[in-house]
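Chemist: Chain by chain, the residues:
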Amino acid sequence: MKNMDVSAIKDGSVIDHIDSKSTLKVATILNIHDEEQVVLVGMNLKSECLGKKGIIKIGGKIIDQKEVNKIALIAPNATVNIIKNYNVVKKFKVAVPETIEGIVKCFNPNCVSNHHNLEPKLHVLNKNPIKLQCHYCERIMDSNDFVLT
Amino acid sequence: MASFKQRDIISIRHFNKEELLYILDLSKHMEGYNHTDILKGKMLASLFFEPSTRTRLSFESAMNRLGGTVIGFAEPGASSTAKGESLSDSVKIIDGYCDIIVLRHYLEGSARLAADVAGVPVINAGDGANQHPTQTFLDLYTIRKTKGTLEGITVGFLGDLKYGRTVHSLAYALSHFSTEMYFVSPSSLRMPKDCLEELRQRKVTCHETESLLGISKKLDVIYCTRIQKERFADPVEFEKVRGVYRLSKAQLEEMVTKDDLKILHPLPRVDEMDESLDETDFAVYFHQARNGVPVRKELLASVLGAIE
Chain A
1 MKNMDVSAIK DGSVIDHIDS KSTLKVATIL NIHDEEQVVL VGMNLKSECL
51 GKKGIIKIGG KIIDQKEVNK IALIAPNATV NIIKNYNVVK KFKVAVPETI
101 EGIVKCFNPN CVSNHHNLEP KLHVLNKNPI KLQCHYCERI MDSNDFVLT
Chain B
1 MASFKQRDII SIRHFNKEEL LYILDLSKHM EGYNHTDILK GKMLASLFFE
51 PSTRTRLSFE SAMNRLGGTV IGFAEPGASS TAKGESLSDS VKIIDGYCDI
101 IVLRHYLEGS ARLAADVAGV PVINAGDGAN QHPTQTFLDL YTIRKTKGTL
151 EGITVGFLGD LKYGRTVHSL AYALSHFSTE MYFVSPSSLR MPKDCLEELR
201 QRKVTCHETE SLLGISKKLD VIYCTRIQKE RFADPVEFEK VRGVYRLSKA
251 QLEEMVTKDD LKILHPLPRV DEMDESLDET DFAVYFHQAR NGVPVRKELL
301 ASVLGAIE
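Those protein sequences? They're chains A and B, same order as listed. Read in order, the letters of the first sequence correspond to residues 1 to 149 in our numbering. Read in order, the letters of the second sequence correspond to residues 1 to 308 in our numbering.
Please keep in mind that the hints were generated in silico from the structure rather than gathered at the bench. Careful: at least some of the hints might be erroneous.
Only some residues are given here: those of chain A computed to face chain B with a beta carbon under 8 Å [said to hold, decoys possible]: (1) K105; (2) F107; (3) N108; (4) N110; (5) C111; (6) V112; (7) H115; (8) H116; (9) L118; (10) C134.
Being a predicted model, the structure only gives us computed values, none of them experimental. Cβ atoms here follow ideal geometry from the backbone N, Cα and C, with glycine treated the same way.
When you get a sec, could you build the whole thing from the sequences and use the hints?
Modeler: This is the structure:
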């Protein structure tokens, strides 16, 4: 039997293969502190492809597409497993979409999107390393410039 | 090439080389087009949320000379913005009153927002420090007219390169034409790193320096800009760089330059270009301002479908 570093959950979502350093960031954007059911966070776990990886298990919650897009921005190598009755019923890699709406704010304080109650909209210029361009002011930003909404 | 009819003119990034040359060729043709009625029955809404002399009046002149009419305002205090109306609400309303909108606004991305909510085409007449595409068309037009070509020239950009939207737009446009570029500015007003990165990705040879000394002899064109007080949040920072460059006839005579060097400036100037320069063959900035009319006539006529 496989020896697990982080306990299994009965139902919910498992975000695996997070770059270990980004684990807490992913936890923050998923607002896991507001969850009522069990949340397990593991860091510095051994990984063949990443060296060290992080994992987050959220009991009783199926994460939605918007949350998957958010994860993709922070942890482009992550995989998501949907668990039902201890079994994986769906498994997929996160993918950065072509356009990102309502997740990342434009970092330009003079951008109209930061003044007129607009939902931020950014076009993905490059997926790895990630590079985004504001739909409105055209400023280009990389992951160091991201301000999540 | 995509048709210009009903097309928004928001950013120079949306135009390829073929389209830029098409605009310049038709602008030349439009120089002789005055007192015609090809835009009779068409109405331009001229919405200026920031002060402007050249851009606003040359658009209005162009529209009137082609037989169209103009409505609008020259300052936000004269619009419902003063009552707290949002930009998108203002544009949605004015959209029903006109055939085309020309917009200047202090916020970057405002023209894109206007184009997203308007049914009629929108022309960006300057959005904060971002883009000013019609100025770029007339800058290209002036360079080609005075130098005979846009291909393979060396251009020095001087002054406020950080906030200067005309610099960002022109540098991008010239990247289609194998231009070598020198960016001359105080260290606090250097070209934004994303602009430089984008130019280098487009295989432009870029150099940064704080002085014209040593490079003046290489330049075919100097594109001089005003250090814009209104873009500085901190007046102390403005005072540190105020008057740092002051081009004059005497200075240019002392420097080694090409005989056919041309100096452009989007105007207005403050103290970065002495009036003694005006009488020299270097100065083309007043011609450049005049070129705003044929270029804007061309754009209005193309976007409104009066010429193909």
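Chemist: For which of the previously enumerated hints does the structure constitute a violation, in increasing order of number?
Modeler: 1, 2
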